[in-house]
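Asks: Each chain, written out:
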Amino acid sequence: MHDIYNFVSGPLVWVSFIIFFGGILYRLISMAVLAKKKDVIVYEYMSLQYGLRSILHWIIPFGTVKWQKNPIFTIVTFTFHICLIFIPIFLFAHIILWKESWDISWWYISDIAADVLTIVVIASCIFFLVRRIVLPDVKYLTSISDYVILGIVAAPFITGFWTYHQWPGFRIMGIIHILSGEIMLAAIPFTRLSHMIFFPFTRGYMGSEFGAVRHAKDW
Amino acid sequence: MAEPAIKNSEQIDKIVDEGIDTGIARLTPEKIEQVINKVLKTETGARLKTYVETCVHCGLCSEACHYYLSHDNDPKFSPAGKVKQTIWEILKKKGKVDPEFIRRISRIASTECNLCRRCAMYCPFGIDVAYLITIVRRICHMLGVTPLYQQDTAHSHSANLNQMWVKEDEYIDTLQWQEEEAQDEIPYLRIPVEKEGAEIFYSVIAPELKFRAQLIYQAAVILNVAGVDFTMPATPGWDNSDLCMFTGDNEMMGRLKKAHFETAMRLKVKRIVMGECGHAFRSVYDVGNRWLAWKMPPIPVIHAVEFYYELIKEGKIKIAKKYEGAVTFQDPCNISRGRGLHEMARYVVNATCEEFIEMHPNREHNYCCCAGGGVINAGPPYKMKRIKGNRIKAEQLFAAKARGAKVVIAPCHNCHGGIEDIIHHYGLDMELYFLGDIIYKIMEKPV
Amino acid sequence: MEKRTVMVYIVITLLVFSFAVISGFSQEDVSTIQDSAFKEKMRPPVRFLHDEHNETALIEECNTCHHVYEEGEKAEDESSEDMECSECHALDDGKNPMSLVKIYHVRCKRCHQEKKAGPVMCGECHVK
Amino acid sequence: MHNISSWAWEIGKKLIADTGKWKDMFENIEEPYVSPDGEKIAAVVKTGEMEFSVCENDAPWERRFDKVWYLKFGPDNRLTALVSDTGAWTVAVDGDVWENTFDFVWNTKFGTDGKNITVAAQKEMEYFAVTNDIPWETGFSSLSNLTISRDGKRVAGVVPTVDVSEGEIFKFQEGCYSAVVDGKPWDTNFVNVWDMAFSHDSEHVAAEVRTSLYDYTIAVDGVPWDKIYTSVWMPQFSPANGSVTAPVRIAGKWTLARDGNPFWNRSFAQLWHHMYSPDGKKIAAIVAPKFGRWTVAVDGKPWSLTFGDLVTEAVFSPDGNRVACIGKEDGKWTIAVDGKAWGGVYDMVWQPVFSPDSRSVAAKAEKNGRYTIVIDGKPFKDSYKALGDPVFSPDSEKILIKGIEGDADGGKYYRQVLPITDITG
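Protein chains in written order, with our numbering: chain A, 21 to 239; chain B, 92 to 538; chain C, 367 to 494; chain D, 559 to 983.
Don't take each hint at face value.
Unchecked claim - In silico lysine-lysine, DSS-like type, Cα no more than 25 Å apart, as pairs: (1) Lys925/D x Lys407/B; (2) Lys939/D x Lys361/B; (3) Lys604/D x Lys536/B.
Please keep in mind that the hints were generated in silico from the structure rather than gathered at the bench.
Next comes chain A alone, as it looks inside the complex (with noise of 0.2 Å):
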């Protein structure tokens, strides 16, 4: 038990950190050199102001005509988005973690906020997962690689809430907590996760053409 926990908790955060950190600097070097080479348009017609106004109304729950026609998935893919980067982050066993290690810390939510916080995590998940199964247009799009994918972001919440609540077999638990969130860091940039990498540019280029060059809104 020391052993496996001494290497996930060790190593194999490193690995991860490198993995994700490198990945997306791979990611976003090659494919800046691949659009270079096939599609220099993108960078002939990206426009830095309009890129950003259409990020903007786009990452503002309700600020598109999308989310105003979609409310309740607007408000859970919100909330769940926000959760998922800022629980993390701020949660008071994870700033201990980074203290112990590096020496860093910075301010952390209460354990009860982080425990309403993950269910909202848990429960956009479950909430994701009956829309792939109920919609007939999602479940028509949906594969296999689309469950595993709502799989990996949604273990490290459900093995931390377990864990945290020392539910039976929590050491365990407590293990694969870690090993699921090295492995969802792992998977951004290499599987369609890779949305928070490009999300700027393809809505940015969207509304750079959108805004600078079709002189219409794009949202």
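Got chain A sorted already, so can you dock chains B, C and D onto it with the hints?
Replies: Just chains B, C and D now, kept in the frame of chain A:
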């Protein structure tokens, strides 16, 4: 109103299209694989990769598409659903697909997507489905599988540099004929041909000569009364339309745009003003010019709607009496989403019509007419498919009618063709006009 | 009553009894880690059986844990059992308890990790 | 150009016509045209109900027509118009009409000396070319891309050589078009044939062709190059050795090929309108070194000066050492010579003209609706209501200005010769 949606595959596949059928018969799996991979390797890159890898299969784009809505939310017609059936499959199989697969994707790309780009406004990532479908059309073109009527139009473009096999003399003759007709109404009227150094090159599309010559007549009246210094060329290059852009024949698209812009340069005009055509605007404004390496059109291109706006705003056209009766307005994708002209259009409509009733949704969010993107050019075999694929437009128009609108103004040839069919098929009993029709009717003319 | 049933009852009774006895004996030694510098408690206090721990861990010198540092050097013959850790290990900015939490964790957890013995995960010490 | 040394080159200003008075003479007057030598000004005029003629230097032609259009002066200063009399079309030259009549005529073209005049014609749905009133013996179901040789003696075009109807897409793709030279089509059929060029000796013709929907190449006298490209632009013959060069597209980039082989060693985002220096030793072309930036490349080497909107109408100097072109940036037009732009920007500029000694460059330019002549970047002080192209004297010391003075209501047309130093200072 409520028509049952086409039960997709069965009925659709019954459509006989020699262009597709003969094209398919000539294919072998090896050729398909080789062509697909060549297109993917040499012509696509970061955009395709990013779009495919960023799509999280969320289905948010579904309700953007008029085909999806009109087919009772059939997932096969959702934008991402169409990408799944085409691009994803191609990438997954690395081009190892059979001829029947090509038949399906040709149908989907050419007759089930108008490239209207509405879905780009419903995808949080701004994934450009129209771009992805264009790649499918490109592949089908390179495989020689394109609906017959579309391909025939592309051939006309290649042989005559216009879309309707209009010969050089027929074009000039039509201009002179319209000029003569219009002189009965306005004796001093001219359609100056080859007037070097004129302010404006008025460019049209071949259907205006073949079927809607009155539009040239009306344009001549408007331009003359407004005192606009304009000219029209006496050479090929007069047609601004571009169905090659929609069949995937990019090389021909470039050739057509080169002819058009170089005609403008030769005539030494400052601007090109074009008639009420949407797809042609797209081809000259941000597609064809790019293939030629012009970042923006080398000679500015002004769509009729913007031009009318200028004329009315500057008082060059005066309104004798506003058009009576309530009108509604169809925002064409290529000039609203494509150029943001919707507010100018409203200015013109309000200036010329007594009562304006918005249809909903409108402006950038308006539903596509289901005729653009080359779909109406796929011809009679697909007419019913096109009409049924846009039941939502009938509902949208009906709602506007219920609030009093008797007239639809559609400043785009494709919108016009599409909506005309919808009005008839769904028994909407509404009149349909171009903006120019209205202006011509109600403007002050010298007696 | 069957014989087997009686046996079960006896065993249960004995177990309960021995548990009570053992707990009674151990009572003296049961302790939780406390430090007055912790104002708000984020986690349940850590139960720590001082003598038993030291026996198991073979710790003889008090200053293995209750150390005293002088000018950066550990004073080998001094120890600090009579002090709270926070007397030396001050809080960051005088408020942020993280640094204090950290030294507790480093003291316990790191040793456990090195020795591959004893609890290392949050819930193993901060038992609810 | 036609023998310009025979023109009047004495310095001075001569009133040719008081075009302002024309308004009193005719019901309607169309835009005026001036002859290359500046001695004549003409316009299509309406002389009565459904009755038109051409007014040339204050006097209308005797003949009246029911339609007159495409007024054009040839290089030898003869005036041509396309005219219709009771529905029969023909060509009028200096007021005299050709004997043959047609159902339609268009696209008047001249050889460099102006002696040969060619038009495209249609009669009873047969299409052909007519040179100096002599039609081709054979007609075709269509005719496009009318092209004439330098001397104007030979005429080429594109015609359908196989009957193909609308909708017959697969037949079309087998190749139903070819080039026709003096009425005789090439033996080979192509899917398409477009722009073509004659060799300097008028003996050969090279054309852009498409051999399938995807394969583009150059065909010379009906024989395609053995290389195919994804696209090509108009070929040119070398005046020096008769070889053929054309811009070709390879892997999404453009370069120049000669006789089917790579010629320039670099590629561009765009490359077209290449041209030979008069001695045939150099080639210049309009290029886009990168997407959205335009310039001129001489022998494959682009200028460092680039324009964002466009570059057009490039021209070699007579000695072949200099190149001038029109450039446009941010909607403003100017002239660039040898990689340097003139300081002034204009609302429009016309093709620059080199002096015979290659030292000076002149161009017509428009600003605020008035026209003037600019030499080497310096605008002439006078501006005009309308203006012909500037012409340098054979000794390169004088410039001919053909301008209509006055405002919208009136106008007087003057032919003026001045020393270029009056403009350049």
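Asks: State for each hint whether it applies.
Replies: Checked hints:
no.	hint	verdict
1	Lys925/D x Lys407/B	holds, 23 Å
2	Lys939/D x Lys361/B	holds, 24 Å
3	Lys604/D x Lys536/B	holds, 22 Å
Hint violations for this structure: none, all hints satisfied.
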